[in-house]
Structure formats: structure tokens, C-alpha cells
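K.L.:
Taking the hints into account, I'd like the entire structure generated from these sequences.
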Amino acid sequence: MLDKNGIAKRIAKELEDGYFVNLGIGIPTLVANYIPDHIQVEFQSENGVLGMGPFPFEGEEDADIINAGKQTITTLPGASFFDSAMSFSMIRGKHVDLTILGAMEVAENGDIANWKIPGKMVKGMGGAMDLVASAENIIVAMMHTNRAGESKLLKSCTLPLTGVKCVKKIVTNMAVIEVTDKGFKLIERAPGVSVEDIKKATAGTLIVEGTIPEMEL
Amino acid sequence: MITKTVKGVSDALQGVADNMTLMLGGFGLCGIPENAIAELVRQNVKGLTCISNNAGVDDFGLGLLLQKKQIKKMVSSYVGENEEFERQMLSGELDVELIPQGTLAERCRAAQAGFPAFYTPAGYGTEVGEGKESREFNGKMYILEKAFEADFAFVKAWKGDEAGNLIFKGTARNFNPCMCGAAKITVAEVEELVPAGELDPNQIHIPGIFVQRIFQGKNYEKRIEQRTVRKK
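Chains as they are written, first to last, in full-length UniProt numbering: chain B, 1 to 217; chain Y, 1 to 232.
Hints listed in this document are in silico derivations from the structure and should not be mistaken for laboratory results.
Keep in mind that a hint or two might mislead.
To be verified - Restraint ranges, calculated between C-beta atoms of paired labels, are given here:
no. : chain 1 : residue 1 : chain 2 : residue 2 : range
1   : B       : V195      : Y       : K72       : 51 to 57 angstroms
2   : B       : G119      : Y       : G197      : 57 to 63 angstroms
3   : Y       : N219      : B       : I39       : 41 to 47 angstroms
4   : Y       : E136      : B       : M1        : 40 to 46 angstroms
5   : B       : P118      : Y       : G47       : 26 to 32 angstroms
6   : B       : K120      : Y       : K218      : 36 to 42 angstroms
7   : Y       : K72       : B       : Q40       : 45 to 51 angstroms
8   : B       : G210      : Y       : L144      : 42 to 48 angstroms
9   : Y       : K7        : B       : G93       : 39 to 45 angstroms
Stated by the list, open to error - Computed list of lysine-lysine pairs in DSSO-like fashion (alpha-carbon distance at most 30 angstroms, straight line):
no. : chain 1 : residue 1 : chain 2 : residue 2
10  : Y       : K218      : B       : K116
11  : Y       : K132      : B       : K165
12  : B       : K165      : Y       : K72
13  : Y       : K231      : B       : K4
14  : Y       : K7        : B       : K116
15  : Y       : K140      : B       : K94
16  : Y       : K72       : B       : K123
17  : Y       : K7        : Y       : K218
18  : Y       : K132      : Y       : K159
19  : B       : K185      : B       : K94
20  : B       : K120      : Y       : K69
21  : B       : K94       : Y       : K132
22  : Y       : K231      : B       : K9
23  : Y       : K140      : B       : K182
24  : Y       : K73       : B       : K123
25  : Y       : K146      : B       : K116
26  : B       : K120      : Y       : K68
27  : B       : K116      : Y       : K140
28  : B       : K120      : Y       : K46
29  : B       : K120      : Y       : K73
30  : Y       : K132      : B       : K120
31  : B       : K116      : Y       : K72
32  : Y       : K132      : B       : K116
33  : Y       : K7        : B       : K123
34  : Y       : K232      : B       : K4
To be verified - On the chain Y side, residues computed to face chain B include the following (Cβ under 8 angstroms):
no. : residue
35  : G28
36  : S77
37  : V79
38  : E86
39  : G102
40  : T103
In this text, all values refer to a predicted model and were calculated from it rather than measured experimentally.
Here a beta-carbon is modelled for each residue, glycine too, at the ideal position from N, C-alpha and C.
P.N.:
Encoded structure:
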């Protein structure tokens with residue numbers, strides 16, 4: 001079974017040279033720590049920066065330079081700033097190659113729910129609905145089950161949706177899964193996790209074809 | 001040159017009244033019109049509808065207006081980090097309309113650019129799309145979203161000149177340029193106001209035509225919400 005960093009490390013292997021990537025808050029943010037040395041990617045933050053760098057050194061933080069999580073950041077050579085409308089032009093216009101975000105639930109048809117739990121304080125969807133509605137390539141980074149041990153990979157979502165039929169791939173602490181027309185297709189197992197374990201933890205249709213390899217990290 | 005300069009914040013807010021709809025720039029506390037917010041608090045205008053990506057924190061930004069119960073409705077994409085906001089929302093004192101961030105930006109830009117409405121895929125098939133006109137283009141579904149209508153837009157820029165031309169800094173740009181010219185009256189406050197001719201026309205982000213009033217702001221606190229650093 002993987003921890004959050006393990007999930008991020010596995011997702012980093014999906015990055016390709018020249019990709020512009022938008023990282024959501026939580027596990028997705030950790031992906032930036034595992035970019036393979038031989039490729040160049042650029043991170044977009046929807047509040048208006050492309051070419052995001054690491055956190056600033058102590059004493060060098062600038063209140064005018066933050067990411068979408070409102071954290072102080074730095075920029076790398078080649079970076080640019082822009083307004084919110086242009087930022088979402090990049091996203092809606094499919095100029096951003098890959099979106100990595102967290103989820104509360106994913107359905108076997110690719111529906112995603114990650115912004116609202118009825119009865120609880122709703123904080124808002126931020127840019128998530130724009131991102132999932134537009135991105136060609138969406139990877140969900142999440143734990144396979146919730147805190148109560150219930151599957152987050154469902155036949156259909158029970159929570160209010162963020163987007164419909166949009167998720168292409170899911171990387172969890174247990175598995176790499178592709179969303180196909182026929183349901184969740186198991187691609188890889190996490191180290192020490194059996195196909196049986198994954199079947200038990202997946203409420204939606206799980207397609208298992210042939211031998212499922214263990215992830216290489 | 002048409003001069004847009006006003007003496008100070010109280011002149012800049014002339015005409016603001018109860019029950020108006022205001023646009024306010026900023027993302028979190030970054031790039032918010034601090035001076036205009038302080039003056040709105042001082043004037044104690046009530047019943048406001050505020051279009052702003054976020055609602056500030058308890059004791060800063062739009063949180064200051066919330067504390068004094070001056071806001072009737074918030075139109076935002078994300079409203080976390082504010083206990084007073086949560087209290088007023090749950091008690092029903094405050095009306096909240098949550099909309100996707102890109103839609104929020106584009107509804108401002110549409111108002112600025114003279115488009116009454118536009119189609120976006122964001123929110124299709126979700127509760128955001130309920131009751132809205134939808135249409136298929138090239139095999140994909142979109143919903144119709146309308147341009148905002150607002151009385152005042154309050155924006156914050158880094159530098160500006162007497163002609164109302166604006167230059168923004170870093171991610172303090174965010175929604176500010178989208179809101180310029182998107183309301184009946186746009187008020188810009190700047191950290192540095194210079195005579196016309198001192199800013200390079202090649203470097204202007206927002207031309208003065210979108211701005212009706214500009215003033216030199218003061219005492220910027222620029223509070224950081226999440227100070228994240230690494231060790232040297």
C-alpha cells in the first residue's frame with residue numbers, strides 16, 4: 001500500500017516532456033517533488049502564474065506572489081503572470097496538458113465529486129469545475145477508500161458532481177486504474193496489494209484482464 | 001489626456017449607496033482593494049452584493065464588511081477560512097452564490113467586453129448547470145452564463161498614472177484586470193500613482209479607458225494568508 005507521497009511519485013511517472021500541468025491542493029501538490037530529471041514540465045496555478053517554482057527562502061516571501069492554495073511561492077526562469085480570465089482561457093482552451101486533482105468520489109463512467117458534502121459547510125468549487133470540464137487529460141489522486149473504509153470508486157457518485165464523464169485515470173494508494181466505457185480497468189497494483197484486495201475496495205465495476213503488474217516507483 | 005485622478009478614497013467612493021452590487025478584485029487576500037474596503041466599512045453602506053472570488057478572512061479583506069453585516073449576498077468561487085462568514089451563511093443572514101472560478105472571471109470579462117452571455121462547459125451536468133440553457137457544440141455540452149451587472153468595480157493595481165492606465169504585479173493581478181470596465185464605475189487604487197507619460201505605454205496592462213477614478217492608496221498591509229517558506 002502506498003502513502004500520499006507514494007501516490008505522488010507514481011503520478012509523476014505520467015508527466016511527459018513539455019507538459020503544462022495544473023496541480024490541485026493536497027496529494028497533487030506533492031507531485032512537483034518527483035519530476036523525473038530528464039524532462040521539463042511547467043506548473044500552472046489558476047490564480048495567474050505559469051512557471052511556478054518552490055517555496056521562497058525564509059525572509060524572501062512576497063505577498064504578491066502566491067499559488068491557488070494562497071501559499072507564498074517563487075517563479076522559475078520563463079515564468080509569466082496573467083489575469084484570471086486568461087488563466088481559465090489556458091484551462092478551457094486546452095492549453096494545459098494535464099490536470100491532477102483530488103476527489104471524494106469517482107464513478108465508473110468518469111464522473112467526479114470533490115466539492116460539496118450535503119449538510120456540511122460548503123466552501124466552494126474554486127476552479128475545479130472549469131478544470132474537470134475542459135481538461136483532456138485528468139488524473140485523480142486519492143486514497144482508494146474514505147476514512148470509514150468505504151470505497152471511493154463507485155458505480156455512480158452519491159455526492160453532488162463537480163463534472164461528468166471526465167476522469168481518465170485514477171492513482172490511489174492501492175492501484176492505477178483507467179476509466180473505460182465499460183468501467184474501471186485495473187492497470188497496476190501497489191506494492192504488496194493483491195487484485196483481490198483491490199476488488200474488495202472497489203464498489204464500481206472493476207475490469208481485470210490478464211496478469212496485473214505491480215507498480216514500479 | 002483625460003484625467004481620472006481623484007483626491008482620495010472618499011472621493012473615489014462617491015455615489016456608493018446601500019443595496020448596490022460591487023465587484024472587488026483579489027484572490028484570497030492577494031491584490032485586494034484594501035483602501036476601498038476600509039472606506040466601505042467607514043461609510044457603513046449596507047445590503048451590498050459583493051462579487052469577489054473569496055470573502056476574506058475574519059479580520060481582513062471582505063471579512064471586515066461581513067463583521068459589520070454590510071453584505072447581503074456574496075458571489076464567489078471559494079469562501080473558506082472565515083468563521084463569521086460561515087455563521088452568517090448557516091443562519092441565513094447571508095445569501096451565497098457559488099460559481100466556478102473561470103466562470104466568475106469570464107462573467108466579469110464579458111461585462112467588460114460587451115458580451116451579454118457566453119457558453120462554457122464548466123458546471124454542465126452539475127447543480128451549477130441546473131435551470132440554465134444548455135447547448136451542444138461539436139459533440140460537447142455547454143451551459144449559457146450571463147455577464148455580470150454591477151454598479152462599482154473596486155480594483156487594486158501596483159502602478160497607475162493620472163490617465164487611469166494600470167500595471168499589476170505578480171499574482172496580485174488575478175481578477176483585477178477582468179473587473180476594470182465591467183461595472184458602471186471602475187475605481188482603481190494603486191501603490192504608486194505617477195503623472196501621465198511616466199509609464200511606458202508598451203507595459204500597460206489595462207488602458208485608462210476602462211477606469212473612471214484612480215487614487216493613490218496608502219498603508220497597504222498586504223497580509224499573507226499562507227506563509228510557506230523553505231530553509232536556506
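K.L.:
For every hint, state whether the structure bears it out.
P.N.:
Right, here's what the structure says about each hint:
| no. | hint | result |
| --- | --- | --- |
| 1 | B:V195 to Y:K72: 51 to 57 angstroms | holds, 56 angstroms |
| 2 | B:G119 to Y:G197: 57 to 63 angstroms | holds, 59 angstroms |
| 3 | Y:N219 to B:I39: 41 to 47 angstroms | holds, 46 angstroms |
| 4 | Y:E136 to B:M1: 40 to 46 angstroms | holds, 43 angstroms |
| 5 | B:P118 to Y:G47: 26 to 32 angstroms | holds, 29 angstroms |
| 6 | B:K120 to Y:K218: 36 to 42 angstroms | holds, 41 angstroms |
| 7 | Y:K72 to B:Q40: 45 to 51 angstroms | holds, 49 angstroms |
| 8 | B:G210 to Y:L144: 42 to 48 angstroms | holds, 46 angstroms |
| 9 | Y:K7 to B:G93: 39 to 45 angstroms | holds, 42 angstroms |
| 10 | Y:K218 to B:K116 | violated, 39 angstroms |
| 11 | Y:K132 to B:K165 | holds, 20 angstroms |
| 12 | B:K165 to Y:K72 | violated, 36 angstroms |
| 13 | Y:K231 to B:K4 | holds, 23 angstroms |
| 14 | Y:K7 to B:K116 | violated, 45 angstroms |
| 15 | Y:K140 to B:K94 | holds, 14 angstroms |
| 16 | Y:K72 to B:K123 | holds, 18 angstroms |
| 17 | Y:K7 to Y:K218 | holds, 12 angstroms |
| 18 | Y:K132 to Y:K159 | violated, 40 angstroms |
| 19 | B:K185 to B:K94 | holds, 25 angstroms |
| 20 | B:K120 to Y:K69 | holds, 23 angstroms |
| 21 | B:K94 to Y:K132 | holds, 24 angstroms |
| 22 | Y:K231 to B:K9 | holds, 23 angstroms |
| 23 | Y:K140 to B:K182 | holds, 20 angstroms |
| 24 | Y:K73 to B:K123 | holds, 15 angstroms |
| 25 | Y:K146 to B:K116 | holds, 24 angstroms |
| 26 | B:K120 to Y:K68 | holds, 25 angstroms |
| 27 | B:K116 to Y:K140 | holds, 25 angstroms |
| 28 | B:K120 to Y:K46 | holds, 28 angstroms |
| 29 | B:K120 to Y:K73 | holds, 20 angstroms |
| 30 | Y:K132 to B:K120 | holds, 25 angstroms |
| 31 | B:K116 to Y:K72 | holds, 23 angstroms |
| 32 | Y:K132 to B:K116 | holds, 20 angstroms |
| 33 | Y:K7 to B:K123 | violated, 38 angstroms |
| 34 | Y:K232 to B:K4 | holds, 26 angstroms |
| 35 | G28 | holds, 4 angstroms |
| 36 | S77 | holds, 5 angstroms |
| 37 | V79 | holds, 5 angstroms |
| 38 | E86 | holds, 5 angstroms |
| 39 | G102 | holds, 3 angstroms |
| 40 | T103 | holds, 7 angstroms |
Hints 10, 12, 14, 18, 33 from the list above are not met by this structure, while the remaining hints are.
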